[in-house]
Amino acid sequence: AGELARSCLWLGDDALIMSHRLQEWCAAAPELEDEVALANIGLDLLGQARLLLARAAKADPGMVPVVDQSDEDALAFFRDAEDFHNVRLVELGGGDFAFLMARLLVFATWRLALLQRLANAPDPVLAAIAVKGVKELTYHRDYAARWVVRLGDGTALSHDRMQDGLADVWPYVDELFDDDAELRAEFDAVIAQVCAAGTLQIPVVSRIPEQAGHTEHLEPLLAEMQSVARAHPDATW
Amino acid sequence: AGELARSCLWLGDDALIMSHRLQEWCAAAPELEDEVALANIGLDLLGQARLLLARAAKADPGMVPVVDQSDEDALAFFRDAEDFHNVRLVELGGGDFAFLMARLLVFATWRLALLQRLANAPDPVLAAIAVKGVKELTYHRDYAARWVVRLGDGTALSHDRMQDGLADVWPYVDELFDDDAELRAEFDAVIAQVCAAGTLQIPVVSRIPEQAGHTEHLEPLLAEMQSVARAHPDATW
Amino acid sequence: MDLEQHFDATIARDQRIEPRDWMPEGYRKTMIRQVAQHAHSEIIGMQPEGDWITRAPSLRRKAVLLAKVQDEAGHGLYLYSAAETLGADRTDLTERLIEGRQKYSSIFNYPTLTFADVGVIGWLVDGAAICNQVPLCRSSYGPYARAMIRICKEESFHQRQGYELLMTMMSGTQAQRDMVQDATNRWWWPSLMMFGPPDAESANTAQSMAWKIKRHTNDELRQRFVDMSVPQAEKLGVTLPDPELKWNAERGHHDFGEIDWVHFKQVVSGNGPCNAIRVSRRRKAHEDGEWVREAAAAYAAKRKEAAA
Amino acid sequence: MDLEQHFDATIARDQRIEPRDWMPEGYRKTMIRQVAQHAHSEIIGMQPEGDWITRAPSLRRKAVLLAKVQDEAGHGLYLYSAAETLGADRTDLTERLIEGRQKYSSIFNYPTLTFADVGVIGWLVDGAAICNQVPLCRSSYGPYARAMIRICKEESFHQRQGYELLMTMMSGTQAQRDMVQDATNRWWWPSLMMFGPPDAESANTAQSMAWKIKRHTNDELRQRFVDMSVPQAEKLGVTLPDPELKWNAERGHHDFGEIDWVHFKQVVSGNGPCNAIRVSRRRKAHEDGEWVREAAAAYAAKRKEAAA
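Protein chains in written order, with our numbering: chain A, 3 to 239; chain B, 3 to 239; chain C, 210 to 517; chain D, 210 to 517.
These are calculated hints, taken from the structure and not from any lab test. For clarity, every value in this text was computed on a predicted model and none was experimentally measured. Don't be surprised by glycine CBs; every beta carbon is placed ideally from N, CA and C. Please note that a few of the clues may not be correct.
[Unchecked claim] Computed footprint of chain D on chain B; a stretch qualifies when at least three of its residues, placed anywhere within it, have a C-beta under 8 Å from a C-beta of chain D: (1) 70-81; (2) 108-115; (3) 123-132; (4) 151-160.
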């Protein structure tokens with residue numbers, strides 16, 4: 003159960019924080035079509051986060067902060083930064099549309115490969131979440147890939163910005179993969195294909211990982227996300 | 003005492019929130035000299051806020067939230083948006099350097115005139131705060147006025163931006179003045195002089211005030227300002 | 210029968226005008242303006258509520274709100290498409306919006322101060338929008354009427370969600386109940402203004418009614434909204450901020466107080482509390498997206514060339 | 210006595226070189242690089258702590274932090290002025306910084322994750338800076354030596370404030386004590402790296418020592434810092450994250466573990482956790498300020514013309 007709870011919590015945190023970063027693009031996308039698409043992706047991930055956090059709480063109730071809220075809300079709104087387990091990739095703040103697409107491509111490609119494996123998880127709830135997620139992530143990855151190619155092979159300016167976006171994301175790629183060489187190879191193959199189509203170079207990773215688990219971007223993100231919930235801990239919404 | 007507490011609280015809130023908006027410019031000013039100047043002004047106002055909030059709390063302890071913190075911190079960090087009494091001018095978020103200077107000119111000119119009157123307040127503490135503040139505000143006003151003139155009479159681009167900055171600030175000017183015609187006349191005279199020197203038009207006010215006391219900018223500002231303090235209500239810093 | 214007679218006969222038979230049909234220039238212009246303003250309203254309307262997505266206090270409410278704001282973007286899309294069937298160009302319409310040459314519903318020029326505003330916007334603002342829009346499902350212009358059918362369905366879903374949020378908040382803490390009452394106080398009068406000026410002063414109504422692109426007068430719709438809202442407010446347990454509001458058995462309607470039309474005109478003419486920020490955020494999104502749209506166009510052109 | 214002999218003699222007598230004095234090109238270049246890197250460090254160093262000003266949990270700490278960051282801007286100003294006395298140009302130096310052609314202290318490429326980091330930066334980072342800088346008050350280059358006297362005075366004030374914040378936090382809640390320990394764990398090793406590579410691998414030390422622009426070797430200063438910090442950590446009640454750290458009575462110094470120089474080289478060469486964000490924020494501030502600086506220049510030119 004410990005292992006299951008941990009997996010669900012980690013996957014849930016990734017989805018929750020990545021969804022937050024997509025929510026920030028609301029009313030700021032380059033076209034209405036992208037407005038709709040980004041909200042859609044944000045919603046899919048938020049949905050995954052809710053199911054995963056609820057599953058984690060059920061598998062190990064001890065990890066849920068003791069507040070008068072549902073499990074999913076207790077986990078989302080009443081944990082501090084050090085208790086979040088998301089990868090740093092999703093918490094990075096700021097960046098332009100090219101950065102967003104670079105991050106989404108990396109995130110969706112990685113998570114799709116992960117969820118494909120979890121579709122056979124022994125826990126039937128997790129397996130069902132994974133099966134549903136695979137469909138969603140396939141769309142997310144394709145949406146991001148199309149933009150990466152378009153920006154890469156668009157104008158000189160968009161090419162440079164797309165290349166910069168990849169460079170900014172790349173230092174946070176290695177830590178997505180423990181020592182699962184197969185997963186990494188699958189990921190690398192997709193990225194190589196997309197970059198080739200977009201006349202883009204795959205960045206050379208050299209930035210070292212930080213010592214700590216999180217970047218300085220997570221704390222302000224949580225301060226915003228949790229502000230209303232924490233101002234009214236006894237409220238029902 | 004009710005009147006004194008209220009005056010101190012309102013003046014303190016103005017200074018606290020304006021200081022916050024200046025703090026946001028840290029490491030983002032156009033020149034190092036401005037970095038130093040903006041921090042200086044932010045510090046002066048923060049100092050005024052601390053003295054005024056402490057005085058307000060002493061005059062009416064009933065207005066202080068019941069937490070295990072000093073009066074000034076209880077007031078700053080444990081009140082919600084609806085209990086803040088600052089003018090809306092200071093809470094507006096975003097804007098470029100021209101907007102910042104337009105706001106600072108308006109704020110400092112108004113507050114200087116106010117504090118000059120309060121230098122003779124019956125309460126000796128408030129009077130002393132006012133006397134000290136007059137010196138500080140004189141510098142703030144002159145700093146802002148110099149930039150308004152420079153930007154107004156600089157390049158065509160800076161002229162337009164300065165004019166836009168004034169236009170964005172202007173709807174929030176009327177509410178600074180109740181019905182003290184003398185105060186308003188004093189303010190108008192200074193502004194007219196600065197605008198003339200900067201070849202700028204004084205905007206025609208036409209935007210109506212909102213019904214409510216605050217803009218939508220205050221809540222997110224407080225969420226940020228109060229996040230750490232509220233996460234650790236029992237802490238001492 | 211000439212073109213104009215044919216057009217008039219179609220309208221008279223309550224049949225729809227379709228994009229390829231001949232139509233008077235005045236009708237086309239009026240329709241473009243109406244559809245564009247409606248599209249702009251959906252897009253600008255994303256902002257005041259959208260600001261609360263990242264701060265929504267429960268994950269369920271966050272999902273509901275994000276989905277609602279997404280729907281608004283979708284509505285904007287259909288409506289711009291409907292305007293394009295009349296020969297308008299989306300980019301041109303967007304530019305009219307960000308240059309302040311075309312309007313959007315003035316209700317979105319008010320600030321959203323607490324999370325209760327999200328609920329009250331659903332209840333009152335979407336409620337008023339539905340009153341306005343249900344008759345438009347029978348608009349004489351086909352593409353607009355069809356868009357409205359879909360939009361109204363979604364809007365009434367949003368309205369129920371908003372009301373349900375308020376019901377939940379009213380059964381929560383005292384602070385939550387206070388937030389709901391405060392938000393109600395702030396949004397009630399602006400919601401009444403959404404129906405536009407009184408009939409006596411409404412210039413375009415007669416022609417629009419004749420063309421069947423408007424089916425009821427402003428005052429009729431406003432009365433319907435008031436009559437609908439009063440029992441909802443009672444059930445919720447909030448007071449509507451109008452001391453003159455009371456049932457008039459004789460009229461079979463609620464009487465209500467005088468609307469501050471001077472205030473309304475100020476907001477419509479660009480001087481509301483949030484007009485500047487709403488338009489400037491839309492402008493910034495448009496400008497920030499310029500290089501992306503250019504890249505997409507350049508890429509499409511290259512692909513076309515390669516295929517040729 | 211020729212110019213070079215005169216210069217050497219001045220150095221030998223421990224007298225200061227002043228801007229108008231003749232100096233070897235190598236000395237000038239080395240000094241410009243040293244002063245510029247120091248100035249850049251002050252400016253970049255504003256960011257990691259500055260991020261906490263708006264979130265400082267008490268008004269007193271907010272004021273202290275804002276004043277400290279202001280001091281850093283001030284230090285940057287004196288130091289760029291000192292560099293200008295050597296013929297450098299501030300705009301040119303700023304461009305070197307934002308284009309990554311000139312370095313700053315790599316300590317600022319680590320993130321500040323909690324408010325305890327503000328205290329630990331004061332204690333350890335400012336502490337290490339003081340160890341490095343006190344000897345520079347006797348630098349052979351006059352303007353730099355004088356700037357350093359003022360800077361060191363302020364730095365030791367900052368260090369005391371940082372340490373005092375940590376003392377207060379350690380007597381607070383358990384969560385606060387945990388934050389202090391965690392921040393100490395993260396900043397200890399990077400602080401040791403602030404003294405630069407081991408003497409055996411430090412290329413410029415010999416010439417810099419000869420020119421008296423450096424007075425002690427990296428390893429000497431590092432040892433001094435460790436010896437100073439150990440009792441401070443004890444008094445504070447935190448553990449320094451080095452199991453090999455212990456008193457060596459024979460040497461009269463503390464022994465300590467191996468520093469990860471591979472990591473250090475990565476951070477120095479631009480691959481630390483925050484290198485990109487620090488430089489890009491500085492670049493953005495510089496670019497966003499372009500129109501303001503241009504306006505100031507245009508205004509000054511007009512005034513000059515009017516006066517002529």
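Evaluation of the provided hints:
1. Residue count for the stretch 70-81 of chain B with a Cβ under 8 Å from a Cβ of chain D: 6. That meets the three needed, and the coverage hint holds.
2. Note: the stretch 108-115 of chain B has 0 residues with beta-carbon separation from chain D under 8 Å; the three-residue rule is not met and the coverage is violated.
3. With a threshold of 8 Å between beta carbons, the proposed coverage of the stretch 123-132 of chain B by chain D is violated, since 0 of its residues qualify and at least three are required.
4. Requiring three or more residues with a Cβ within less than 8 Å of a Cβ of chain D, the coverage given for the stretch 151-160 of chain B holds, as 8 such residues are present.
This entry does not satisfy hints 2 and 3, going by the numbered hints stated previously.
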